[in-house]
Amino acid sequence: MTRYLWLMIGLTAGVALLFVASLLVGPAKISPLVSLSALIWGDSGPLTLVMREIRLPRALLGIMVGASLGLCGAAMQGYLRNPLAEPGLIGVSGSAALGAVIAIQTGLTAAFALALPLAALAGAAVSVVLLFALAGPRGGSLTLILAGIAISALAGAFTALVLSLSPNPFAATEIVFWMMGSLADRSFLHVTLALPFILLGLALLLPLARGLDTLTLGEDAAAALGTHLLRLRLTLISGVAVMVGTATAVAGAVGFVGLVVPHLLRSAVGARPGKLLAASALGGAAMVLAADIAVRLILPGRDLKLGVLTAIVGAPLFLHLVYRTRRDGG
Amino acid sequence: MRLLLCLIAGFVVALTQIGIGNAAPARVVSMNLCTDQLAMLLAAEGQLVSVSYLARDERSSAMARQAQNYPVNHGLAEEIFLLKPDLVIAGQFTSQTTVSMLKRLGMPVAIMSPAYALDDVRDRITEMGRHLGRERKAAELIAAFDAGLVALRDTSAKHSRRRPRAAVYAASGYVSGPESLSGAILDAAGFDNVAREAGVPVGGLLPLEQLVLLNPDLVVLPTPWPGASRSEEVLGHPALLALQDRTAAAPLTDRDWICGTPRVLNAIASLVNVRKKISEAP
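Chain order of the listed sequences is A and B. Here the first sequence stands for residues 877 to 1206, where the numbers follow our numbering. Here the second sequence stands for residues 2 to 283, where the numbers follow our numbering.
No false leads were slipped in.
Straight-line Cα separation of at most 25 Å, DMTMM-like style, residue types lysine to aspartate or glutamate; simulated pairs:
(1) Lys138/B - Asp124/B
(2) Lys905/A - Glu234/B
(3) Lys277/B - Asp155/B
(4) Lys905/A - Asp193/B
(5) Lys905/A - Asp919/A
(6) Lys159/B - Asp188/B
(7) Lys277/B - Asp193/B
(8) Lys905/A - Glu198/B
(9) Lys85/B - Glu128/B
Simulated DEER-style distance windows between Cβ atoms:
(10) Glu136/B - Leu1173/A: 52 to 58 Å
(11) Arg137/B - Leu1065/A: 55 to 61 Å
(12) Ala892/A - Gly200/B: 31 to 37 Å
To be clear about the criterion: a stretch of chain A counts as covered by chain B if any three or more of its residues have a C-beta under 8 Å from a C-beta of chain B, and this derived list gives those stretches:
(13) 901 to 910
(14) 917 to 927
(15) 977 to 991
(16) 1061 to 1075
Since the hints were made in silico from the structure, they are not lab data. We put the beta carbon where it would ideally sit given N, CA and C, even for glycine.
With these hints in hand, go ahead and build the complete structure from the sequences.
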């Protein structure tokens, strides 16, 4: 227990540190003390505007998006008992992006702002339901990955199609954003839009810890221990759809966070899927904040996509996992 | 019968061409939005046989109505070849494959650069006049342009000694520098371009936070396109709106800002009005 406590304290401290660092990094070079005092005390000057309206929402969204992706990765992997189940890789983020793009291009979002997260959520829900139906309760690697490839490809193709049909000349160039994700130029409008849904997702997924722990003993044992399997499954699907949908609606599809973070933390929590949930939420927040700081340090003033960095870290790890799955005869 | 009429008409046109001089081409096709407009301004009756489809687009073309009188092309080598032009006028950024295909087919192709300054506007008018054999018309147009420009500069200078600082900001945070046509329009209207302070000569991406810290007196934004895009979302960012609130209501960049034709005078005039408002403000 103490080890877990220390882990959580360490992760929280890491997120807090990265949050402050994210506030201090940007294309405009401002000294840390000046910018923090402009943020906290503030005046009507341009510096306060930059800190409060540009950097603060960006850092907050980094936490929200990262926590969502980390938590959803851990939850899906716990439920399917398969370390390859990651929202970005198996097409859940891609489908959410398709939902968001349809809502934006049909003009729904202009009429009704909540249409954006709701449409993305619907897109994510369709793909999670489809994946769970195809992969079955044990989530065999092969079916899961193959179904995920097909769903990703289809969602990506439709996203490109919808954006190409748009009368807006910029829309077609934004396929990269929807497939790679970015937090550039997001504002408090996006924070207020996403926050209620992210909180709802946390409320749905975090209490599943005990159920996921019992599931490691097998479904019969879990049912005998009082876990209501159907309810667990439905809550999990809703939670993942809400969180991945919302995160994708505001930041595009950022891949690999839900794969890397649970993998790194799994041994630290003694391979207990229940404990992994909260730890992965914190770890995901730290990873996305770090990636968002890195994109601004590597190419300040250009919008390097978050997914570029998460994939550079995540894809080799994914290959390693595939190799181990094969060696274990899975 | 129609064929006969066409032949007669062609013969008449050919005769008038002989009157103008050997150099003047009789069938000119333009395949670039900006050369379209210059050609429509300068060409003799019947000399211009086709303009690009963009010339009819209300959003990009300052002469969309006039373009209705010309058949349009879509910049495809095949359709241009079938028009049997004796001169094709393309822009510097027209597809290179199409241009080289037309040259291989034996078409004379003239390539014109875009305008990056008001001097370029005069040069392009002269150049187009030479291509079309309409030098006199071109000289008249330049004289009218210069007169209009002098009048606007006088009005602008009357308003105030101080030159306000402005930015021309577009989708994805693209800012136009002093060495671009938009920059030249700002300058002519009596504004200093903050892109110069940011070290952007022609144009490039300027992150929103840098724009906010530069704190310009005026931000000129583009007319939004239909549909929606994430690239344009930055133009509605609360930080930018807060900046706009403190400054005068700016005009939006539109079709008058795109091409180096005398229509840039309209763009300058709208900015001169804003400068007047800024100088009158307490």
